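Let the hints inform the model, and build the full structure from the sequences given.
Chains as they are written, first to last, in the working numbering: chain A, 390 to 475; chain B, 390 to 475.
Derived by calculation from the structure, the hints in this document are not laboratory data. Since we're looking at a predicted model, the values are computed, not measured. You may find that some hints are simply not true.
Copies of the same chain are indistinguishable here, so a pair counts whether it falls within one copy or spans any two.
To be verified - 16 Å max Cα-Cα, derived EDC-like pairs, lysine to aspartate or glutamate:
no. : residue 1 : residue 2
1   : Lys430    : Asp405
2   : Lys409    : Glu433
3   : Lys409    : Glu425
4   : Lys400    : Glu462
5   : Lys400    : Glu433
6   : Lys409    : Glu421
What follows is each chain in one-letter form.
Number of protein chains: 2
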Amino acid sequence: MPRFVVDVMPKPEILDPQGKAVLGALPRLGFEGVTEVRQGKRFELEVEGESSEALLEQVRAMAETLLSNPVIEDFEVHAQSDEAAE
Amino acid sequence: MPRFVVDVMPKPEILDPQGKAVLGALPRLGFEGVTEVRQGKRFELEVEGESSEALLEQVRAMAETLLSNPVIEDFEVHAQSDEAAE
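If you want it as structure tokens, here you go:
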């Protein structure tokens, strides 16, 4: 069954307190040189049917409606097989 | 400056209540056919220096130490330029 990945990240102009907390913790753990951290969400979905543009479009609608808050977050949707090929 | 992505997902054998909540909400919003949802985290890091295998290894150490809980989560690290090429 086709699998899709939805990546949801805070928009660049939105404060990201979780990312800032990680950025502050890294030097205390001995990790230097990191200048920015942003924290978002990743969803993996398994969907019935054949992988198709229509199915991708449906997952995009899910991302916009339920998985992200489009006011403060951006999202990207892609089929998981793309990612395995990285 | 090189950017890295760390994807952190609950291990397959670990219950994922957030994913289950999304899975339950989808049909109520009119989205049918989704059989599984897993929810994890995505981190985007900007690091000083040249992109190299050593830098990637350092980000891997951050992922293992701070960004994930290796008992219940798996993580993957990759340079963000890889992703843009998808």
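Now for the hints, and whether the structure bears them out:
For the identical chains of this complex, Lys430 and Asp405 are neighbours both inside a copy (12 Å) and across copies (14 Å), given an alpha-carbon limit of 16 Å. For the identical chains of this complex, Lys409 and Glu433 are inter-copy neighbours only, at 12 Å across copies versus 25 Å inside a copy, given an alpha-carbon limit of 16 Å. Proximity of Lys409 and Glu425 under a CA criterion of 16 Å is satisfied intra-copy only: 8 Å inside one chain copy versus 31 Å between copies. Taking the shortest Cα distances, Lys400 and Glu462 sit within 16 Å of each other inside one copy (5 Å), while across copies they are farther apart (26 Å).
Proximity of Lys400 and Glu433 under a CA criterion of 16 Å is satisfied inter-copy only: 12 Å between copies versus 21 Å inside one chain copy. Taking CA atoms no more than 16 Å apart as the test, Lys409 paired with Glu421 passes inside one copy only; the shortest distance there is 15 Å, against 37 Å between copies.
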